[in-house]
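Chemist: So the chains spell out like this:
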Amino acid sequence: MTLIRPRHCGTSHLDRALPHQQYHSLRKHAPWCFCSHLSTDGNEYHCCNVPFAVFRLHLHQYRWHRKYILHFNPKRLLTFTHRKQRFLQVGLCARNIRYDIPCPSIRLTSQDYIHTFTILIIACFFTIKVFTVNEISSAGHLWELMVAAGGRNPVSGNQAGSYLTMTSKGVMKKLCSGLTTHLILLPGHRVRHHSHCGELRPRHHGHKLLHQGILSFTTSSSTRLCRWWHCIFCHTLGSGHFDELGGVGARKQPNLPYISTCKCQTQVGMRVS
Amino acid sequence: MTATEVGNGLVLPYAAIAVAGKGGAGAILVITFMAVTSTLSAQVIAVSSIISFDIYRQYFNRLATDADVIRWSHYGVMFFGLFAAAFSTGLHYGQVNLQWTLYMLGVLSKSLCMTCQQHY
Chain A
1 MTLIRPRHCG TSHLDRALPH QQYHSLRKHA PWCFCSHLST DGNEYHCCNV PFAVFRLHLH
61 QYRWHRKYIL HFNPKRLLTF THRKQRFLQV GLCARNIRYD IPCPSIRLTS QDYIHTFTIL
121 IIACFFTIKV FTVNEISSAG HLWELMVAAG GRNPVSGNQA GSYLTMTSKG VMKKLCSGLT
181 THLILLPGHR VRHHSHCGEL RPRHHGHKLL HQGILSFTTS SSTRLCRWWH CIFCHTLGSG
241 HFDELGGVGA RKQPNLPYIS TCKCQTQVGM RVS
Chain B
1 MTATEVGNGL VLPYAAIAVA GKGGAGAILV ITFMAVTSTL SAQVIAVSSI ISFDIYRQYF
61 NRLATDADVI RWSHYGVMFF GLFAAAFSTG LHYGQVNLQW TLYMLGVLSK SLCMTCQQHY
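Listed in order, the protein sequences are those of chains A and B. The first sequence runs 1 to 273 under the numbering used here. The second sequence runs 1 to 120 under the numbering used here.
Keep in mind the hints are simulated off the structure, nothing from the lab. A hint or two may mislead.
Covered stretches of chain B (in silico footprint by chain A; criterion: 3 or more residues with CB under 8 Å from a CB of chain A, positions within the stretch not fixed) [unchecked claim]:
| no. | region |
| --- | --- |
| 1 | 15-26 |
| 2 | 78-84 |
Residues from chain A that face chain B, not an exhaustive set, calculated with beta carbons under 8 Å [stated by the list, open to error]:
| no. | residue |
| --- | --- |
| 3 | His115 |
| 4 | Thr116 |
| 5 | Thr118 |
| 6 | Ile122 |
| 7 | Cys124 |
| 8 | Phe125 |
| 9 | Lys129 |
| 10 | Val133 |
| 11 | Leu142 |
| 12 | Met146 |
Here are the simulated distance ranges between beta carbons [as the list claims (entries may be wrong)]:
| no. | chain 1 | residue 1 | chain 2 | residue 2 | range |
| --- | --- | --- | --- | --- | --- |
| 13 | B | Ala85 | A | Arg152 | 20 to 28 Å |
| 14 | B | Gln58 | A | Gly140 | 14 to 22 Å |
| 15 | B | Ala46 | A | Phe125 | 27 to 35 Å |
| 16 | B | Leu105 | A | Phe131 | 41 to 49 Å |
Just so it is clear, CB atoms sit at the ideal spot from N, CA and C, and this is done for glycine as well.
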């Protein structure tokens, strides 16, 4: 592989500059325009054997002169460059000289893939080799070994010291606190009196809930339970149903946003006794 | 294994030795060699092309000949080699080990994935 990679390998500027119909028309009537090769200096050249007049005719016919500039140098080579990028040589029209220089730098050789192929083979070897070891023998047993290793040498910071997760300390707590914040905002704009705790401000309760870090935000999953209110701010007060749910109750209430995770589409609310 | 060994990314070699013995250790060496050479090759080509084509020929010498561009490609290879060596040495002395690198990669790349996903 050479160090120089042509910037515009494969697709020529002219190909991309032309509309679809003009492209196919040009392919039919002026196929020499597409006889492109990449020269050793990394630029892409179009070579042709037609006279300059014919080439200029084609150039104007397809309005290339708006986009490209023609240059005629003493070597009787006609080059045309992009108007905005003067020094990007996009094409070359040679009247008598035909460039036929293959560019080896765009060929992807086997050297480009040998690294990946070797790594793939070794990875396959390990994959097979692991399951031929008697101590592991199967994917299920490997899972059990991983779980047992977490119990034997727990990883600090992980849930239950497991090896099967990354650092997850307090993740659920933070997640649910953030979620509860949104839930509180549903009824939170209304100030209600709570006879069971004497609080008047739901938001105050909400902050307390955040500080306490209620983990379970589960809503009830049956219609019967959904008819119950429960204070989501004072989770210590709860009926028998909602104690199991971690103190967050739910009630079905039309025309209000609901929690999509709840099967019965309930909205978290509070019980005002 | 000590925490230092874990931080230096020696979990995989130890696991390979446990599974396949010395052959496993050799295979890990081959994997590392292949990955490093492949990555370095791509990086060297990219950096030298950027320096020679996009910087040198674009801003400094627009009429550069092929020899000029190739010479600046060589300069780019030398510059990137020195930079990569110095940067990795700095990471080593800055107590940045493989574990930190992998965590950093995960944090950066995954957050970018989520951003792109939301963007689209």
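Chemist: Which hint numbers does the structure go against, in order from smallest to largest?
Modeler: Those not satisfied are hints 2, 7, 11, 12, 13, 14, 16.
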